[in-house]
Amino acid sequence: EDQVTQSPEALRLQEGESSSLNCSYTVSGLRGLFWYRQDPGKGPEFLFTLYSAGEEKEKERLKATLTKKESFLHITAPKPEDSATYLCAVQEQGGSEKLVFGKGMKLTVNP
Amino acid sequence: NAGVTQTPKFRILKIGQSMTLQCTQDMNHNYMYWYRQDPGMGLKLIYYSVGAGITDKGEVPNGYNVSRSTTEDFPLRLELAAPSQTSVYFCASSYSSTNTEAFFGQGTRLTVV
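Taken in sequence, the protein lines are chains Z and R. Position 85 of the first sequence, counted from 1, bears residue number 85 in this note's numbering, the numbering being contiguous throughout. Position 26 of the second sequence, counted from 1, bears residue number 26 in this note's numbering, the numbering being contiguous throughout.
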């Protein structure tokens, strides 16, 4: 069973059409949940870290929220330059340094 | 400000050959990581290091070796390359595990034929 599941796998939006990406996770204790953005041919770029349920963080048109079972990445009035693959990862309590990544969600924003 | 630098960017290896993927960071980060990314799959941790002289296995270490003689460098060694090692490899670094804003390199695309 995957510990991190992202949905949908791909999403096409029109410029200005707001939406949300979902990341559900199953770990016994969450140390942190991370969102990254990855452009084609590039390495992932850090966006947010969330540590506890109820926490929210914002950056430009992106807002990340966290519950005990899932995280949402809300995209408000997206622009074509927001097109990328968005990765979610979790770190489990217990001292392990491992980040478990989801498969990613490819977002395309059409002008 | 270079960040995390990986070399080479692309490489084709024949089955059974060996090579070293280089990774260096200039941010004085203690933690360094090697991941592989296969199409349609999430990033998988191969090895990590919490400081010079200390390394540990990640999720998929078989067929790889690492060393960490300095804070800056964390090379990944592939011995006896196999087609299953065809992948994109990413090196990353972070200041600490509690501050896991990891910075990633640009990746090395490796094909084993």
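Be aware that a few hints might be false.
Said to hold, decoys possible - Pairs of lysine-lysine residues, derived as PhoX-like cross-links and limited to a Cα-Cα distance of at most 20 angstroms, are as follows: (1) R:K9 x Z:K42; (2) Z:K98 x R:K9; (3) R:K44 x Z:K42; (4) Z:K106 x R:K44.
Unchecked claim - Restraint ranges, calculated between C-beta atoms of paired labels, are given here: (5) R:K9 x Z:E15: 39 to 45 angstroms; (6) Z:E15 x R:E79: 45 to 51 angstroms; (7) R:E79 x Z:A53: 43 to 49 angstroms; (8) Z:G94 x R:S69: 26 to 32 angstroms; (9) R:E59 x Z:E81: 30 to 36 angstroms; (10) R:D73 x Z:D39: 21 to 27 angstroms; (11) R:T20 x Z:H74: 40 to 46 angstroms.
Everything labelled a hint here was simulated from the structure, so no lab data went into it. Ideal placement from N, C-alpha and C gives every residue a C-beta, glycine not left out.
Quick check: which numbered hints come out false for this structure?
-> Violated hints: 2, 5; rest satisfied.
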